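**Student:** In order, the protein sequence lines correspond to chains W and X. For the first sequence, the working numbering assigns the number 91 to the initial residue and increments by one for each residue that follows. For the second sequence, the working numbering assigns the number 3 to the initial residue and increments by one for each residue that follows.
One or more of the hints may lead you astray.
Partial pick of chain W residues on the chain X-facing surface, computed with a CB cut under 8 Å [unchecked claim]: (1) Arg-137; (2) Thr-138; (3) Gly-139; (4) Cys-160; (5) Ser-185; (6) Thr-373; (7) Arg-515.
Stretch by stretch, here's where chain W covers chain X in the computed footprint (C-beta under 8 Å, at least three residues) [to be verified]: (8) 186-200; (9) 342-354.
It should be emphasised that the hints constitute simulated quantities derived from the structure, not laboratory data. Note that the structure is predicted; figures quoted are calculated from it, not measured. Each residue gets a CB set at the ideal place from its N, CA and C atoms; glycine is no exception.
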Amino acid sequence: MSTGDTFNDIVRRFRDVAPAADFWSLRVVEERDDHLAVRRGVVQPPRTGLDLGVMVTVCADGGTGYAGTCDVTTSGLARAVAEALDWARCSAGRSVVDPRLVPRDPVRGAYASRVTEPWEGTSLRDKVDVLRAQCERLKCDDRIVDWSAALWRTTTISLLVTSTGSEIEQSFDVLLPMLSVTAAAGSESQTRSLGDHAGRQGGLEVMAAVGFTTAAPRLAAEALELLSAPDCPEGTMDLLLAPDQMVLQVHESIGHPLELDRILGDERNYAGTSFVTPDMFGTYRYGSELLNVTFDPTRAAEIASYAYDDEGTRAERTHLIRDGILLRPLGGALSQARSGLAGVANARAASWNRPPIDRMANLNLEPGTSSLHDMIRAVERGVYMETNCSWSIDDSRNKFQFGCERGRVIENGELKTVVKKPNYRGVSASFWRSLAMVGAPDTVETLGTAFCGKGEPNQVIRVGHAVPPCLFRGVEVFGGA
Amino acid sequence: MLDDLRTSFENLAAATQSRLRGGESFELNLHAEDSEFVRLNRGAVRQAGSVVQRTLSLDLAEGRRHAAGTLTLSGDPAADLERVAALVTELRAQRAELPEDPWLLAPDRPESSERVVASVLPDRDEVLDRLGDAGKARDLVGLYASGPVVHAFASSRGQRNWFVCPSFNLDWSFHLEADRAVKASYAGTRWDGTAFADRLERAAGELELLARPTRDLPPGRYAIHLAPDAVAELMGLLSWGGFGLRALRTRTSPLLRMADGNETFHESVTLVEDTAGGMAPDFQEQGFRRPACVPLIESGRYRASLVSPRSAVEFAAETNGATSQEMPLSLDLAAGDVAANDALARLGTGIHVSNLHYLNYSDRIRCRATGMTRFACFAVEGGRLVAPIGVLRFDDTLFRMLGSNLIGLTRERETILDPGTYGGRSVGSMRVPGALVDDVAFTL
Numbered sequence: 091m092s093t094g095d096t097f098n099d100i101v102r103r104f105r106d107v108a109p110a111a112d113f114w115s116l117r118v119v120e121e122r123d124d125h126l127a128v129r130r131g132v133v134q135p136p137r138t139g140l141d142l143g144v145m146v147t148v149c150a151d152g153g154t155g156y157a158g159t160c161d162v163t164t165s166g167l168a169r170a171v172a173e174a175l176d177w178a179r180c181s182a183g184r185s186v187v188d189p190r191l192v193p194r195d196p197v198r199g200a201y202a203s204r205v206t207e208p209w210e211g212t213s214l215r216d217k218v219d220v221l222r223a224q225c226e227r228l229k230c231d232d233r234i235v236d237w238s239a240a241l242w243r244t245t246t247i248s249l250l251v252t253s254t255g256s257e258i259e260q261s262f263d264v265l266l267p268m269l270s271v272t273a274a275a276g277s278e279s280q281t282r283s284l285g286d287h288a289g290r291q292g293g294l295e296v297m298a299a300v301g302f303t304t305a306a307p308r309l310a311a312e313a314l315e316l317l318s319a320p321d322c323p324e325g326t327m328d329l330l331l332a333p334d335q336m337v338l339q340v341h342e343s344i345g346h347p348l349e350l351d352r353i354l355g356d357e358r359n360y361a362g363t364s365f366v367t368p369d370m371f372g373t374y375r376y377g378s379e380l381l382n383v384t385f386d387p388t389r390a391a392e393i394a395s396y397a398y399d400d401e402g403t404r405a406e407r408t409h410l411i412r413d414g415i416l417l418r419p420l421g422g423a424l425s426q427a428r429s430g431l432a433g434v435a436n437a438r439a440a441s442w443n444r445p446p447i448d449r450m451a452n453l454n455l456e457p458g459t460s461s462l463h464d465m466i467r468a469v470e471r472g473v474y475m476e477t478n479c480s481w482s483i484d485d486s487r488n489k490f491q492f493g494c495e496r497g498r499v500i501e502n503g504e505l506k507t508v509v510k511k512p513n514y515r516g517v518s519a520s521f522w523r524s525l526a527m528v529g530a531p532d533t534v535e536t537l538g539t540a541f542c543g544k545g546e547p548n549q550v551i552r553v554g555h556a557v558p559p560c561l562f563r564g565v566e567v568f569g570g571a
Numbered sequence: 003m004l005d006d007l008r009t010s011f012e013n014l015a016a017a018t019q020s021r022l023r024g025g026e027s028f029e030l031n032l033h034a035e036d037s038e039f040v041r042l043n044r045g046a047v048r049q050a051g052s053v054v055q056r057t058l059s060l061d062l063a064e065g066r067r068h069a070a071g072t073l074t075l076s077g078d079p080a081a082d083l084e085r086v087a088a089l090v091t092e093l094r095a096q097r098a099e100l101p102e103d104p105w106l107l108a109p110d111r112p113e114s115s116e117r118v119v120a121s122v123l124p125d126r127d128e129v130l131d132r133l134g135d136a137g138k139a140r141d142l143v144g145l146y147a148s149g150p151v152v153h154a155f156a157s158s159r160g161q162r163n164w165f166v167c168p169s170f171n172l173d174w175s176f177h178l179e180a181d182r183a184v185k186a187s188y189a190g191t192r193w194d195g196t197a198f199a200d201r202l203e204r205a206a207g208e209l210e211l212l213a214r215p216t217r218d219l220p221p222g223r224y225a226i227h228l229a230p231d232a233v234a235e236l237m238g239l240l241s242w243g244g245f246g247l248r249a250l251r252t253r254t255s256p257l258l259r260m261a262d263g264n265e266t267f268h269e270s271v272t273l274v275e276d277t278a279g280g281m282a283p284d285f286q287e288q289g290f291r292r293p294a295c296v297p298l299i300e301s302g303r304y305r306a307s308l309v310s311p312r313s314a315v316e317f318a319a320e321t322n323g324a325t326s327q328e329m330p331l332s333l334d335l336a337a338g339d340v341a342a343n344d345a346l347a348r349l350g351t352g353i354h355v356s357n358l359h360y361l362n363y364s365d366r367i368r369c370r371a372t373g374m375t376r377f378a379c380f381a382v383e384g385g386r387l388v389a390p391i392g393v394l395r396f397d398d399t400l401f402r403m404l405g406s407n408l409i410g411l412t413r414e415r416e417t418i419l420d421p422g423t424y425g426g427r428s429v430g431s432m433r434v435p436g437a438l439v440d441d442v443a444f445t446l
């Protein structure tokens, strides 16, 4: 399936109707996605999507307007230009920021995900057979009541063209493999999953890389084991978080609070504000000296890698927190102009129908020097928690409570009983200062989420987190009801 | 826009019909919107623009083998026909590699329908003038969204359903400092400048109370008054797997213990999926009609689940026109007998919770939930609001909060139109009262 329209055709038609204005940009986005799933042994109807549209942005007379449209005919593009111009007129003199303050240097470049095994290189039947095989391995016991295996593939191509001569074409191939298994007995049920955090850029090779093809027997056995496990103990104790929980911890209590548009107040009506204030950058101790966090869109396999953001700023690896000290926010060119703070290239849009806002892209916790074994041995009394299943945090991104699918008690340096419903709570501003050990490079897992929601109008976007396991001291831990 | 769109949809349905081979059938869904968005921060425009989007979904079947695809329409009739033709070809190729789908279900008899909601929407200059005035002396943050939303269905058996709802939704907050703010909304299908001014004034009045010194309450157990917006957040959490048959039968529903007869809510809790009273279309994506009303919880007891066509086959039940997510779109919580004006007096001492934020389950299968207070929440003493409070985390089971610890629901209810815009503008709504709840656990 194809839209039949090339990007060059659309750009040529747009140039015929482009406005005489201080600045304009055209962002063309085409996304192809395929979703395959087998649930309870039944092949679900495959879903294919092909989405094509453009976002026109116009700056005129101190105002900015946008118009997103799927109507890419000449008349549709002309209407979009007229709409964007009218919104620029309407917002002139009423805007938060004068768009003329934003640098618009011409940039030309390209990016493409590295793909080893293309989606199209394997037949639909063979891909479905892979899912069926994993599904069968999940259904290993009568107490397994729900089980599924799924693949969600997207290929996104975007082209940004501006009146100042920028032209950036980027292509992203992403695969998100998913496994989930629920066991039930009496009034108890327990779910284990690969999480929704195993997505990466690449092709079908991602399946093996994230353990999709080997995890099913372990997940099913663990779900069954949890049915008869005791509840997680309650009390203040050490907490060792596996990478598939660290991904959420970093995302919610470092990523979101560092978003500069939140700090500037844009999100106060919806996603929330931040406990971080502009005066903290450069001096604030965010965490212990072991805490090093980077914005890094350069890691090839990570789900939100790119070369340029959606405003055309070149993306580079940048430390946001070094040795525990907060250095720089997650803010794109516009937010930087508004705040006077140095930021990163993270102005991103969910698709052609939404304007860019500050997002995380890849936000990674840099590895330390400890092995997992070292960290377990360093705990006298604590819990090891795996795979996020519950997340809640206040609108300043400070008071949080997170829950995991599986826990294991640690006593005197050894892993002991498996426990169910492990939860913990804390406060971001103090939690990261209790970071006591960080996993070495060989413990880092490249994870992320395809479902980060934010913005008005709402936008859901992919963000990556490469994270090691980490040990925290003195955390409030508890179990189920 | 709408006449052209309907003609275009009919033409695409006819073209798809003409391409069918013997034994083939199709279902076609159109989701379209022409939206205006004005995002505001500090009383000024942060982003303003329009979005035109038309998404066509095709499910092509031959017997029990089928595959589905979605594409955006370009606006060029010839190009769109080509796109649909290409999609038909691709879905046929996919179908050839697939087994039969045992959970496929289509309506027994086609039921066509049409609903076009009458509306009066303001023009953008008027809205910007009004918002500019409202934000002049106040820190106003939020989103104005407006325009028509279209949902349409067509099938090879001649069924046609057409739903158009032009609406506006101004979802905003007035901020004093940091996270101290009053949340408000003005939404509907008929813009009324006077009503909007009243709503602004009411929110501004509430802001004055927030200027008092904040009181940080320690964790503990408190009696609370939940405003309707806060109740809606609880209902939103319950809707996440609580009312669907699939979650129930796969033992993941937070209301599993209630459906098994081991738990109840308070007898004043009656919940229905009120399609007749909501803003959502009365048909779902396979063309099944959604009944005017589906009772879900009656007098505190589990009554019925939302059943999608696929779940109906999978679990040998009757479908009641639920969407594939099996989530309510027009949830209605019955009114109680507490006069809203008396609610704080009935509370005496405790916390007034205007809004809740970021809810999730801390023990899903026991229906234990956690979340944060947000916006204009106050300590209550002697039946009066005495001081704004710092944010608090609750963590308690909804079987207690809506069951043994529920003091009562208010007589007055509010209709809340979902301001959600993920992918497209929501047509969901809720009608809920306020609630008085005793002995709620706050932990952080």
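**Student:** Now look at each hint and say whether the structure bears it out.
**Tutor:** Going through the hints against the structure:
no., hint, result
1, Arg-137, "5 Å, holds"
2, Thr-138, "4 Å, holds"
3, Gly-139, "4 Å, holds"
4, Cys-160, "4 Å, holds"
5, Ser-185, "5 Å, holds"
6, Thr-373, "20 Å, violated"
7, Arg-515, "5 Å, holds"
8, 186-200, "violated (count 0)"
9, 342-354, "violated (count 0)"
In the structure shown, a violation is registered for the earlier hints numbered 6, 8 and 9, in ascending order.
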